[in-house]
Every structure is written in C-alpha cells, then in structure tokens.
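> Listed below are the residues making up each chain.
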Amino acid sequence: MSHSEQIVPAGRILRYAFHERAWHWVVALSYIYLLLTGLAFWSPWLFWIAILLGGAPVSRMLHPWFGIVFAVGVLQMYRMWSSQMHFDDADRAWMKSMGHYIRNEDEQMPPAGRYNAGQKMLFWGFQICMVLMIVTGVIVWFPELMPRNLMLILRLSIFVHASAALLTIALFLIHVYMTVFAERGAFGSVIRGDVSLKFAQRFHPGWYQEITGRPSSPRK
Amino acid sequence: MSQATLRVQRISGHAGSVPGEDTQREYKVAKLIDVTTCIGCKACEVACVEWNDMPFDETTFDNTYQTMPDTRWNYWNLIRFDEHQREDGTLMWLMRKDQCMHCAEPGCLEACPSDGAIVQYANGVVDFQQDKCIGCGYCISGCPFNIPKFNKETKRVYKCTLCTDRISQNLEPACIKSCPTGCLHFGSKDDMLQLANARAKQLKEHYDFPNAGVYDPPGVGGTGVIYVLHDVTNTEAYGGLPQNPHVPWTVKLWKGPLKWLGNAAMIGGLLGLFAHYLRFGPKEREDEDLQPRQGAPS
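Quick mapping for you: the protein sequence lines, in order, are chains A and B. First residue of the first sequence: -18, per our numbering; consecutive thereafter. First residue of the second sequence: 11, per our numbering; consecutive thereafter.
So that you can see chain A by itself, here it is in the shape it has in the complex:
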C-alpha cells in the first residue's frame, strides 16, 4: 500500500487511502439502503420504512440496482483487501482469546496484524453473503421469468436471500458497534484515513511494526 499521496499529522499513521475509504462508503451507503428497504419487505411491522423512502413500489424497483452497486463495491473490496485477509496462526490464537477482547482486556490479546481475526471474519462473511445475495437477488429480481417446473429455484432464492441478509445484519451490527462505539478512533480512520500511533500499536501491533519498522511495546 502506498501512503505517499496523503500527508498525515505527526503521531498518526495513514490506515486507509482515499480509494479504500471511498469504496468503503460506496458499500456502506448502498448497504444501508438495502438494509432499510429489505427490512421493510421482511416484516409488516417495518413496512413503513419503504413508504418513508418513496413508496414500496419504488423501493422494490431500486433495491436491486442498489444491490448491484453493493456487489460491485464488495467485489472491489475483495480486490483491495483479500490478500491481507488470509487466516494465519496469529489469527487462530486471537480467536482463542476472543473472550479477553470482548471484556476489553486487550493487553492479554495475542498481537494482530493490519486486520485482526474478527475483521477478517467480517470481510469473508460479507464476501460470502454478497455472492449468495447477488445470485439469489438476480433470480428474485425477475420472478416472472422462472419456468413453473423450476419454481423451487425461485422459492429457495427468496429464502436464501433473506437468510444471507440476516447474517450480514449480525456482521453489520457488530462492525458498526466496534468501530463507532468500542474502538474509538476506528471510525475516524475510514473518514480521514489516519489513526494515532497509539491506536495502531494497541490494536494492530503487527501492522504497526510493519509500517514503522519499530517493534511495538512489549505486551503484558
């Protein structure tokens, strides 16, 4: 990753270059639209969301197009980040210590690289669910084209589409909670692009070492 295009203040490291941030928000904003309209079709109790967003027929018409934007964005994320998302031994160790992470006992966590195992799971979860949802979504987009003897495909697609969407909602809730509420500084990194050295050292010591060439402070 090249950092030369952006100068960050002293004491800070560039974590996400402009194109990474831009693609993140393409995905995030399209996802939020898909989530809201999808929830409207999921439950009668949330149908009012579709009315709020311009009427249910409009929501039904635009939902698939936003789905394409979302899929393109997630695919772009694959191109940008998949090489950094391989699970290694450090990630397996991290997974074993997840209880500490949840209890904010970060000093007891094995060191993570640029991405910790949780973030990698988020990445792959969204990749898999995106593929499931775009494949089933295109089928559900044109229900009238499904021949009668293949109707099971349409029926399964509707079911899988909803199930995969539910999985992404779980991932999405945790993702937003972690970045906005739990890890202060993470949200800024996807807006401005940079994080403090302390943030890098604390949450991504492997990455910190790689970027600065300095070993991070010994962990207790």
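Simulated from the structure, these hints should not be mistaken for laboratory data. Heads up, some of the hints might be wrong.
Claimed, not checked - The list that follows gives simulated cross-link-like pairs (lysine-lysine, DSS-like), each with its CA atoms no further than 27 Å apart:
hint	chain 1	residue 1	chain 2	residue 2
1	B	K142	B	K38
2	A	K179	B	K293
3	A	K77	B	K262
4	B	K142	B	K262
5	B	K38	B	K262
6	A	K77	A	K179
None of these values were measured; they are calculated from a predicted model.
Starting from the structure of chain A, add chain B where the hints point.
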C-alpha cells in the same frame, strides 16, 4: 366502502388486526367445476375476458384444443386440454377449467410482503389489490397452482377475482353465467360440496369411473374452486393439477422459524451490544492518545 373492508378477513403483509375478522356471518362461496361434463367450448374464457374488459392478445395453436399454453396476466381462465389414455386403451379428452383456486390458506397471501396487496374476504375469495402491489412477485413463488401472472408494463400481478364485483351484487361469476352445459356451478361452499359429492357418487355407481371424486385439497385448507374428476387419484393428468398442493415449505420456513429467529437475533443483538457498552464501555479512549498521561498505567 366500509362494507367492503368489513368483509376482509385476511390481509397480506399486515401488522396488527384485520377489520373484518369474524364480524359478519358471511358464508364461504365456491365454484364447482364438473370436469366430466365440460365440452371445452371456451365460452367461459371469452366471458372472463369480456367481463373484466381485458385487452385480448394472440392465442397460440399447438394442435390441441387449448387456447394458449398458460394463463396470462390478462387471461385468467384457461381450459387445459389433455388427451388421456385409459388402461383399456381407449382415449379420453380431459378439459379442465384452470383459474385461481381461491385457497382457504393462500400461499400468495402468505408470501406477499406488501400491506393489503392481497386480501381474503370473509366469503373466502382471495383478491389482488393492484394499487397496493409492489411487483415483487413473491406471490408467484407462494402459489402452488401457478396462477398469479406478472404484467411487465404495470409491474403488477393479476389473477381471477372470482368476479368479486359481480358476486357482491348477487350475480354469479361471468364464467359460470356463460357455461352452456351446466358443468359450472356457483354457490355456498357447503352446497357445492354436496352437489359435487352427489355427482361423484353418480359417476362411481352409474358410470365406469370407480375413482371419481371431488377435488378440494386439504393441504391448502380446501379451495374456493372445487372439481369433480373422473379420477381423483391421478389429478396430474388434468393439465398438471397438483395431487396434494401445499403452501411451499420454503414460504412456511421463511415466514415461520426464519422470521422468529431473525427477529429474535436482531433485537437480541441490539440489546446485547447496548448491554456490552454499559458493562464494558469503549476500549481505551482516543483522548488519552492525544494527551498521554505521564506515567499512567498502560
């Protein structure tokens, strides 16, 4: 209109109560189609198109007595034709009038996410309200009889209304009105079942149809259209009439366990994250990075 809403006993994609549930003493209505006396004249097809003022489009000729391969958004009523060979080698022409079956447990209504786009009246008629339809086509997936048909221009789905406009004025449906042989009947479901059973008994006892019977499939709670068939053990021979139709299991699974699991997970997840924040709070705070406390325990 208030009377019309009073007659609604079930509403698709609807949160809360239903205005007409158990408020009237309406009886269930039904069409009876005696397949054994249908001559395939297509009068009912024409009457349906005429009464409902639908644009007519081309028919297809495929060397049978069937007008077109399938019902269309503007062709709700189709006599399906099949040449059936009996065990003794003789041929039978099977003519089955195919249209919406007006299920007591409609799969279309169950699958529909749009509030009020599909309603079931207290008399059992299942009716599409196109002004509330969003064009998702989920009803197509929910129907075990392949009835709802999509119009690409209007992006809405259409089907037989059981001539709700006529029967609310005490007229019989247009198809029934036009039938020249008397193979079509309309009345209360109880009356129609009685008539159908009498006819089936007649076919068994006085004609050579030991398997004659009435088609009123229990898998969808019974239907508002019932058939008398020469052979109820082989319904598929009648233009693919399903032997044992059900609301598709995918719809049941989706509207049942998946819905409850999903809702519980979403609400539980939100509450869980909130509880986590109350219990553990954020990880170390950014303001400490900006102004590091000297000698503070890290």
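> Compare the structure with each hint and give your call.
Structure-based check of all given hints:
1. K142(B) <-> K38(B): 25 Å, holds
2. K179(A) <-> K293(B): Answer holds: K179(A) to K293(B) is near 13 Å, not above 27 Å.
3. K77(A) <-> K262(B): 38 Å, violated
4. K142(B) <-> K262(B): 23 Å, holds
5. K38(B) <-> K262(B): 25 Å, holds
6. K77(A) <-> K179(A): Measuring from Cα to Cα gives roughly 24 Å; hence the hint holds.
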